[in-house]
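Colleague: Take a look at the letters that make up each chain.
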Amino acid sequence: MSEYLYVGKNIPRTAEVDKVTGRAIYINDLKRPGMLYGKIKYSEYAHARIKHIDTSKAKKLPGVRAVITGYDIPDVRVGFLRDQTVLKKDKVRQFRDEVAAVAAISPEIAEEACDLIEVEYEELPGLFDPFEAMKEDAPLIHEVDARGRPIRTNILPLPWKFEAGDIEEGRKASAYIVKDSVETTWVNQCCMGTSGCIAEFDMNNNLTLYNQANVIFWDKRRIMEYFAQIGLKDSKVRIVNPIVGGSFGTKLDTDIYEFIAIQLALKTRRPVKILFTREEEFFALPPRQPAIFEIEQGCDKDGKLTFRWAKAILDNGAYTSWGATTPSVMMMPMSSLYRVPNVYFEAKCVYTNNIYCQAMRGYGNPQATFAVETSMDHLAEEAGIDPAELRLINCNHSGDVTPMRLKITSCGLEECIKGVKEKLDWDKKRGKRNGRGVGMASLIHVAGGARVYKSDGHGMIIKVDEHGHVDVMSGGTDQGQGSPTALAQIIAEALGFRPDDINLVFGDTAFGLWDAGTHASRHTFIAGNAALEACAKVKRQILELAVVELPKLIKHQIKRQKRKDPDFKEPDLDFSLIANPEDLDIRDRIVFSKKDPENPYFRTEVSNILREALHVGTGKSHVVVAEAFYDPPTEMLDREFKGNLSCTYAFGTTGVEVEVDEKTGEVKILQLYAAHDVGKAINPTLIKGQIYGAGYIGVGYGLTEEMKLEKGRVMNPNFLDYKMLTAKDNIPVTPMIIETDEKDGPYGAKGIGEPGLVPTAPAIANAVYDAIGVRINDLPITPEKVLKALKEKRKEK
Amino acid sequence: MKKITVSFTLNGDQVEAEVPSTWNLLRTLREYFEITGPKEGCGVGECGACTVLIDGKAVNSCIYPVAEVEGKTVTTIEGLAGEDGTLHPLQKAFLENNGVQCGFCTSGMIMSAKALLDENPDPDEDEIRTSLSGNLCRCTGYVQIVESVQKAAEMMKDKS
Chain A
0 MSEYLYVGKN IPRTAEVDKV TGRAIYINDL KRPGMLYGKI KYSEYAHARI KHIDTSKAKK
60 LPGVRAVITG YDIPDVRVGF LRDQTVLKKD KVRQFRDEVA AVAAISPEIA EEACDLIEVE
120 YEELPGLFDP FEAMKEDAPL IHEVDARGRP IRTNILPLPW KFEAGDIEEG RKASAYIVKD
180 SVETTWVNQC CMGTSGCIAE FDMNNNLTLY NQANVIFWDK RRIMEYFAQI GLKDSKVRIV
240 NPIVGGSFGT KLDTDIYEFI AIQLALKTRR PVKILFTREE EFFALPPRQP AIFEIEQGCD
300 KDGKLTFRWA KAILDNGAYT SWGATTPSVM MMPMSSLYRV PNVYFEAKCV YTNNIYCQAM
360 RGYGNPQATF AVETSMDHLA EEAGIDPAEL RLINCNHSGD VTPMRLKITS CGLEECIKGV
420 KEKLDWDKKR GKRNGRGVGM ASLIHVAGGA RVYKSDGHGM IIKVDEHGHV DVMSGGTDQG
480 QGSPTALAQI IAEALGFRPD DINLVFGDTA FGLWDAGTHA SRHTFIAGNA ALEACAKVKR
540 QILELAVVEL PKLIKHQIKR QKRKDPDFKE PDLDFSLIAN PEDLDIRDRI VFSKKDPENP
600 YFRTEVSNIL REALHVGTGK SHVVVAEAFY DPPTEMLDRE FKGNLSCTYA FGTTGVEVEV
660 DEKTGEVKIL QLYAAHDVGK AINPTLIKGQ IYGAGYIGVG YGLTEEMKLE KGRVMNPNFL
720 DYKMLTAKDN IPVTPMIIET DEKDGPYGAK GIGEPGLVPT APAIANAVYD AIGVRINDLP
780 ITPEKVLKAL KEKRKEK
Chain B
0 MKKITVSFTL NGDQVEAEVP STWNLLRTLR EYFEITGPKE GCGVGECGAC TVLIDGKAVN
60 SCIYPVAEVE GKTVTTIEGL AGEDGTLHPL QKAFLENNGV QCGFCTSGMI MSAKALLDEN
120 PDPDEDEIRT SLSGNLCRCT GYVQIVESVQ KAAEMMKDKS
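Just so you know, the sequences run in chain order A and B. Per numbering that gives the first Met the number 0, residue 0 is the first one in the first sequence, and the count goes up by one each step. Per numbering that gives the first Met the number 0, residue 0 is the first one in the second sequence, and the count goes up by one each step.
Simulated from the structure, these hints should not be mistaken for lab results. All of these numbers come straight from a predicted model, not from anything done at the bench. Treat the hints with care, since some could be wrong.
With beta-carbon atoms standing in for the labels, derived distance ranges [to be verified]:
| no. | chain 1 | residue 1 | chain 2 | residue 2 | range |
| --- | --- | --- | --- | --- | --- |
| 1 | A | N502 | B | E33 | 23 to 29 Å |
| 2 | B | K1 | A | Y452 | 20 to 26 Å |
| 3 | A | S620 | B | E15 | 52 to 58 Å |
| 4 | B | P19 | A | D17 | 28 to 34 Å |
Cβ coordinates follow ideal geometry from the N, Cα and C atoms, glycine included.
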């Protein structure tokens, strides 16, 4: 097997030098000539009828160019279930409801104008608890659906129900059964760069939208659908990403502020920028979907899982974004984390007057894994089996087909569990109940694409010019994960160039071919495979040209040498060694003969070949370019939510040791090992960055982060009151990279963007239990909750 | 709107700005001078993305009144690389050790680190973490940022 030059190496991120010199242009920095600033007027109530909107004062303010309300723009519904309009004119259903918007020559004037807009409301009773909202006599948050048909319940018409095997049979076969209630709350994605966009129309009504979308082609489609309904069906739409200041799920949906910017730009005929403040980022952007679970699991006397049954209630908030689809991902750990033959899972999403939710790193997986993995520990205790052992008994293995019909290809789960166990010195440390404890949790996640859209493809165009520069037009996006480096390594390796030669252009619907987006940990896998296909074609083209041009170059060279040195003896060259493309290869920019690799005459830079092939002086010149479109051989989930939606799956285990201060209730993490089956590490340093970063967000999810909502209002919309971890928290995360060489992955790689976050919180909860003997089943595990649980435990005694 | 004129040294140049008196330094840098390396992540001094050096000290420029900068020396991320484009060891180390992901916090993070290393060329991990504790990052978990600062300190020591 050949030694890789770049794959597996810690290539620095020099492609992103702009980010360390202050030159990278984010949406915050982008200005367009004549640009106006848009601001949004939000609701003052969680639930109210709008009686009157008076914009007259705002319109008179100098510097204001447009004030719009729901009465000024077409009454078109948008969103996943088309359950909201861009501006709300009859009723508000949450505090973030957009009631009016202003475009002005400065953000201050726009804000002042927003304050001058007078809205008269008639307050309605609010629903802030999904259980209250599910009651038969609960007031309705939505009266009619997208088609105008009356709605009779606050429960969303979504079909989240999964069944496999027979739960009753499973119960009968169980020697031990546990049942738990588990709860996770709202957390904010906390992108350091706040949300924003610039909408700009040309005089033909074609739109360029500078935004941070991570699924640019779906974003374009949603806007095209909107345009079709507002009389702009012939307008063209181009989405352009500047550098993106973090995503973590926030850029999956097209948000309402983007439609507002579009409407303001249409009205003023000027580019309009909307940029969120941090406060807006907290209260007007959909956070992670919270979930309340009831979960029951059983095992036989040997510890083999017999069944898993779970029901989830999701507080959907007032409208529907991707949060309502998180149950489709929850089904994955529910059905397929560990071998479990009989599974039942259902989820109800319920309208309330709280903030509505969307995607966040891991989608529904962290929520569901928190339920499954805390319950696994409970079951282990009930059965008298070591929790690590219970996991190993039921471990997934290569070749398994899970109840969801996921086909497990490579699987490093056993190695992950055992590795973490060893590092933690598990057998020695577990079960002491002395304020220190160890705990673990594992995960399964898609790692070879995720066929949630009918195309899970990625298009890539690669050209190599006569200077030897490789320009790559990717349909994908980058939000900081490092694809300009990781993909450059894959392309350089496959093409025989250097990573520095590769210039990756992405995040522009005009240049890229379709890509299903940088989400679901799919980018390296899918774009990497597209790159391999495109590179194979490009390389073939270069070698075909080389067969023609290399002999000519050699003859020129010999001629030159003869001219310089009359005594030069012409070498005896066997040109049959370079007669076919198959005889040649490229490595480190050099074309060479595979049969005589060291022969200097048979070696030349690719650029020499391409220059000769281009500047031929006849009508037969050539350029080198190829495209590839890779759509993985996977299936959509069927009506029962079964199907192999990913080429391969990621596995991993997080193990932690904690110390709990029984006086203050504080949980301190002493060690955190995160073992991940990454297939093959294209760039170990970058992979560790994903594991560290995701692990930190996971620790925040477990211990500190919580959006506090009081009657629908976000009470902590700032970094003082919302506790994101800082450098000072110093969580000792140690990544453990397990390589399983996935046969379908580019150079064996699997996705790793989300996994690190998924098992962190349950591992902490399990360690806390091991330390003090109380189970905290609702996140985050705050000192208050620990103290309360300890107090209750003492009372029981 | 009442305007004021302030003169100060910005990345080695003597500059003057006439801006509304209510502006903070960050806005002056970004809008008047088009120095957009310092970022606004929160606008209230909680995230550190706007960190610049004022007379060598790391400061949240978003809450620094522009009038206060009169006569002072301001260094932003733009002033860090050499005139010939040579990267500062911190900039190099951040690229080499994956101390940068999305990059939004990076300008501020590097400037906080610069203030530290200028004062303490040989900081231990705890000192690094303390001096970066006002700079929030969502991507990295800080580990590789701390490593980058350690590597930069080594590079700077080798040089001197």
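Colleague: Give a verdict on every hint.
Modeller: Now the hints, each set against the structure:
no.: 1; hint: A:N502 / B:E33: 23 to 29 Å; result: holds, 26 Å
no.: 2; hint: B:K1 / A:Y452: 20 to 26 Å; result: violated, 55 Å
no.: 3; hint: A:S620 / B:E15: 52 to 58 Å; result: holds, 56 Å
no.: 4; hint: B:P19 / A:D17: 28 to 34 Å; result: holds, 30 Å
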